[in-house]
Amino acid sequence: MAVMVPVGDARVVAVRAALEPFAWQSFTAELVCRRAVAAMDGGQALPRPRGPRNGLSLQNECAEALVEVLRACRWRSLTVDGLSRLLVGAAEAWRQERAWFDIRLGLLLDGIG
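To convert, note that position 34 of the sequence shown is 34 in the numbering used here; the numbers rise steadily by one, no gaps.
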């Protein structure tokens with residue numbers, strides 16, 4: 001699922017600011033994604049899931065999902081704005097999927113689903 005985000009979105013601005021001063025094209029996908037997730041979160045806590053998290057924090061889980069997105073494209077050829085929008089859109093899609101998973105899990109645990 002693709003989520004479109006506007007260029008002026010605060011998360012896009014934060015990711016761009018976290019990457020732009022550096023030679024980010026030489027970074028690994030993992031480093032780019034971890035910096036992006038940290039910039040997007042800006043200290044905000046992500047919703048706590050109901051089920052077991054297999055030892056990963058939500059930030060690490062999100063970063064791993066973003067790495068998979070970057071592995072599927074030629075991200076080093078993007079502009080910093082394009083990369084920032086891609087990462088924010090992918091993170092938003094991941095968060096929406098995670099929220100639906102938590103809702104479905106909650107229904108199953110409550111015996112409703």
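One or more of the hints may lead you astray.
What the hints assert, rightly or not - Have a look at the derived ranges for each label pair, beta carbon to beta carbon:
#: 1; residue 1: D110; residue 2: A29; range: 17 to 27 Å
#: 2; residue 1: A17; residue 2: L107; range: 36 to 46 Å
#: 3; residue 1: E20; residue 2: R104; range: 36 to 46 Å
#: 4; residue 1: S77; residue 2: I112; range: 42 to 52 Å
#: 5; residue 1: R71; residue 2: I103; range: 37 to 47 Å
#: 6; residue 1: P6; residue 2: A99; range: 17 to 27 Å
#: 7; residue 1: T28; residue 2: L105; range: 47 to 57 Å
#: 8; residue 1: L108; residue 2: N60; range: 33 to 43 Å
#: 9; residue 1: E68; residue 2: L108; range: 38 to 48 Å
#: 10; residue 1: G42; residue 2: A93; range: 38 to 48 Å
#: 11; residue 1: M4; residue 2: L109; range: 42 to 52 Å
None of these hints come from the bench; they were simulated from the model.
Ideal Cβ positions, reconstructed from N, Cα and C, are used throughout, including at glycine.
Hints and how they fare:
no. : hint                   : verdict
1   : D110 / A29: 17 to 27 Å : violated, 38 Å
2   : A17 / L107: 36 to 46 Å : holds, 39 Å
3   : E20 / R104: 36 to 46 Å : holds, 38 Å
4   : S77 / I112: 42 to 52 Å : holds, 47 Å
5   : R71 / I103: 37 to 47 Å : violated, 28 Å
6   : P6 / A99: 17 to 27 Å   : holds, 21 Å
7   : T28 / L105: 47 to 57 Å : violated, 32 Å
8   : L108 / N60: 33 to 43 Å : violated, 25 Å
9   : E68 / L108: 38 to 48 Å : violated, 26 Å
10  : G42 / A93: 38 to 48 Å  : violated, 19 Å
11  : M4 / L109: 42 to 52 Å  : violated, 33 Å
Hint compliance for this structure: hints 1, 5, 7, 8, 9, 10, 11 are not met, and every other hint is.
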